[in-house]
Amino acid sequence: MTPTNPKKRPDWARTILLLIISTVLLSPLCAVFWLSLRPRLGTDIAGPTFTNFVYIFRNTEVLLWLSNSLGVSLIAAVCSLIVAAPAGYVLSRARGRAVNAFSLTIFAVQSLPVIVFIIPLFVMFAQVSLVDSLAGVAIIYVATSISVACWMMAAYFDSIPKDLEEAAWIDGCSVFTTFVRIVLRNSLPGILSVMIFSFLLAWNDYLIALVFLRSDSQFTLPIGLQTFFQQNQTDWGPVMACAVIMMLPPILVFATLNRFFSVGGVGGSLAGR
Amino acid sequence: MTLGTAKIDKKGTRFGNTALSATQARRLTLAGLALPSILLMVAINGYPILFAAFQSMYDGSLLNWGEFVGFGNYAEVFRDPAFWRAVRFTVIFTMAGVLGSWAVGFGLALLMLKPFPGRALFRVLLLLPWIVPIVVSSMSWNWLLATPYSLLPQAVEAIGLGRVMFLADPTMAMITVCVFKVWISYPFMLMIMGGALQAIDKNVMEAAEVDGCSGLRRLRHMILPMTARTTYIAWILMVFFSVNDFPTIYLLTGGGPLSSTTTLIVMAYRTVFQDFLPGYGVAISFIVTIALVALSIFLLRQIRKSSLQ
Amino acid sequence: MARIELKNVSKSYGNHEVVWDLDLVIPDGSLTVFVGPSGCGKSTLLRMIAGLEDISAGDVLFDGERANDVSPVRRGVAMVFQNYALYPHLTVRDNIGFGLKMAGAGKDEIRERVDEAADTLHIEPLLDRRPAALSGGQRQRVAIGRAIVRDPTVFLFDEPLSNLDAELRVVMRVEIAKLHQQLRATMIYVTHDQVEAMTLADQIVVLRAGQIEQIGTADELFSEPRNLFVAGFIGSPQMNFLKGRHIGGGNIELAAGGRLHMPGHELADGEPVTVGIRPEHIVTQSETSLVSGRVDVVENLGGVRFAHTTLPSDETMVVESRADVRPKPGDNLSIGFSNRHVHIFRESGEAANRLTESAIGDSFRRVE
Ligand SMILES: Nc1ncnc2c1ncn2[C@@H]1O[C@H](COP(=O)(O)OP(=O)(O)OP(=O)(O)O)[C@@H](O)[C@H]1O
Ligand SMILES: [Mg+2]
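Residue numbers (our numbering), protein chains in the order written: chain X, 70 to 342; chain S, 1049 to 1357; chain V, 5 to 372.
Bear in mind the hints are in silico, worked out from the structure with no lab data behind them. Predicted, not measured: the structure shown is a model, and the values here were computed from it. There are no misleading hints in this set.
Some chain S residues well away from chain V (every beta-carbon gap over 12 Å; in silico):
1. VAL1135
2. PHE1288
3. ILE1351
Straight-line C-alpha distance at most 30 Å; calculated DSS-like pairs for lysine-lysine:
4. V:LYS105 - X:LYS231
5. X:LYS231 - V:LYS11
6. X:LYS231 - S:LYS1250
7. X:LYS231 - V:LYS111
8. V:LYS247 - V:LYS332
9. S:LYS1162 - S:LYS1250
All C-beta atoms in this analysis are idealised placements derived from N, C-alpha and C, irrespective of residue type, glycine included.
Isolated chain X (complex conformation) (with noise of 0.2 Å):
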């Protein structure tokens, strides 16, 4: 590395290096827009054109996989939210026995595969018809982004001064509402962090998904998109038509919300308890 020099001229060099890079890297998902912009088979248009995204719209249940699919990861983001951002607090403020116990089963928790407790979970949806719902799905998308989501509100919270609280306390604040009317308020980087990293893990997980969704109607994206590939396993237009609804969203989220999101501060605090 060259020694740094601050007048020194823009390091184009570095720029076409990662470019190519980049191109590498990223040459799958380039070529899934190619794909799904490529005119269909048999017919005689040439260059880019949107019909594969007409013919999934018109020939399968897409938009409502799309709306599954933004419903779950929606409900899951916020409920995960409700859940995670208390326990966050009560890691990053309590001390004692009891809250070590309690952090170290979070940690575990993070470590369960999900094959292990899909089955029972199963056998107890089936009892009270969560089974091929899309509530049930929810429920368990919330469960698996619990400790991740955790971690990462107690280490925003972390950030937050604790004479702000004490400061309340003395302002007449019982716990529970200097921890809304502070502590949240003060904490939209965390809250839209978690919100983001809960909506991913439920929009892109396909495991969960494909034991419990059972029917068309109930398909989430993933399930919808994998079916349809298995059935048109050659016709790759619209299945990448199809794919790149798919990868929009996350992009879109990520894209304009990227700078509160750091999974760096959760590796950092993971190793503080």
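Add chains S and V with the ligands to chain X, keeping to what the hints say.
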């Protein structure tokens, strides 16, 4: 109106009697705040785990428990050569996932440490493989290399390396799945290690440069030690992500060909949902769980210890 | 208004004792200052009075009533934090009015009282800004505004001025003193700056390692320090300490040479002692000379100079000299002092008890 000042109440005492002391009220509130997460974990993780523990001792089907066989399922699992093959590939897959994604992610983080035109854009772009749904990325890789007529096999043939069957040949499939895992996971490492690199004091780096410590030597003697803790944590997390990973493998190869890319989790899934042997499948996943929980508790202690120093 | 009493108060974190068996009375309407080195437990003590910290053992009484389990609001305390702790999402007006709002006061009343507080502190133009848009001094005023608006019985300040620059610190110090005169409320003020302590306090509590070393007015601590720690802590520059030995009959022989006659102290023959003398009490005329010191460095503060000297015993001594004497490095100073300014400490660090009425005329120290 005076607020919070000495209001002598009717009983003539200033503070009166309250049921709860301030400390008790605080403890109670904190317990209340932790409650939803505890309930959720008990219902969705705790209870099913117990249930699974019992189920792994029966030999029935999904909804019918069948005969009690004690640790019979476990004994059978340990005698099963397929299990040991899966253990072997799980280890390979995990090692490749952890080290490969770390090397790529850390390398990219180092490359992007200094400012250059477009850095902000690349920071977001390079995270895409992690953000894009696995179903989509597996599909794109399928298109790229699944059949002999796909783009990559054709390209390899064109440059004269002969016919390579990326997913049909067991060894090649193992390599392909590992590369796919690295490709999916490097952005996570890029994020974590990028954060760690930025946390290093600029002055320390500059001082090292003045001392003539640069290039590889600086990497070895300065950067690696200073990011060691983060590296350690990132590795641990990635071990969990890899061992528990189901869709990466399932969507690309389904565990084949000839079960060569079957990890323990994929094996457990297939045993339960394709062979309909829940007791046996749960026993497998339970072995993984116990190994991982033990590992996580051990590692958590390790990190705590190292962070105390 | 409140009289606060601490009875056998202890605080420990695990096995780590931070405050130990402490007794203290804070009179109604007084301004009491806690001073002491960093980590001595000042903040902990203050926070126990505030109700922010549990008390491990003992009692805190407000006007004779036990308050251990009472929440901060119900104790009627207001606190000004070192880093102000202003709510970042609220305007200055809402910051100041927050406590009133929590207590359920009406909109008009809040407005009126916030305006009144803002007037007292001259912060009316800032009322619609957010804390991020304020300077350090302005934030400090807002923090004080938040405290006074609630008309509390007790004001608690935890190093409120330590984040301000030196000039502003003096201004704010005076304002806090004025505020105390105006409100006549009980105030407790924590600082590690002894100048702040001396200028503000009705009563100073010197703490070390979770225990009280001495309680008294600024004058008492200055002229009658009870032990070496207080003697060294109060006064700037520090008191000089010289090793010596009581050779009997009230005569003390200094290691640096010279002999002092200090009758009336309860000392055994041959007992090693430490002699303390403040730089400002040293005279450099040859007729009173006791020891001589070589000047190493001279600090010139304008009106005063402080000469750092080395004595024959290798002990160092700081000598204050006024405009007429101008020592230079390398000079030999003849150092002397009058007996009535000398403090004598026994080997344990305690000040030696006096047997008779001392020259200073203050006799409370005779109590055994
Ligand atoms: N939560 C805690 N856990 C363990 N020890 C603590 C805790 N809070 C404070 N201490 C210890 O208690 C002692 C007193 O702390 P305190 O904050 O009261 O000191 P202080 O006199 O205010 O110091 P400073 O002038 O630096 O503010 C210190 O030794 C500190 O390490
Ligand atoms: Mg303090």
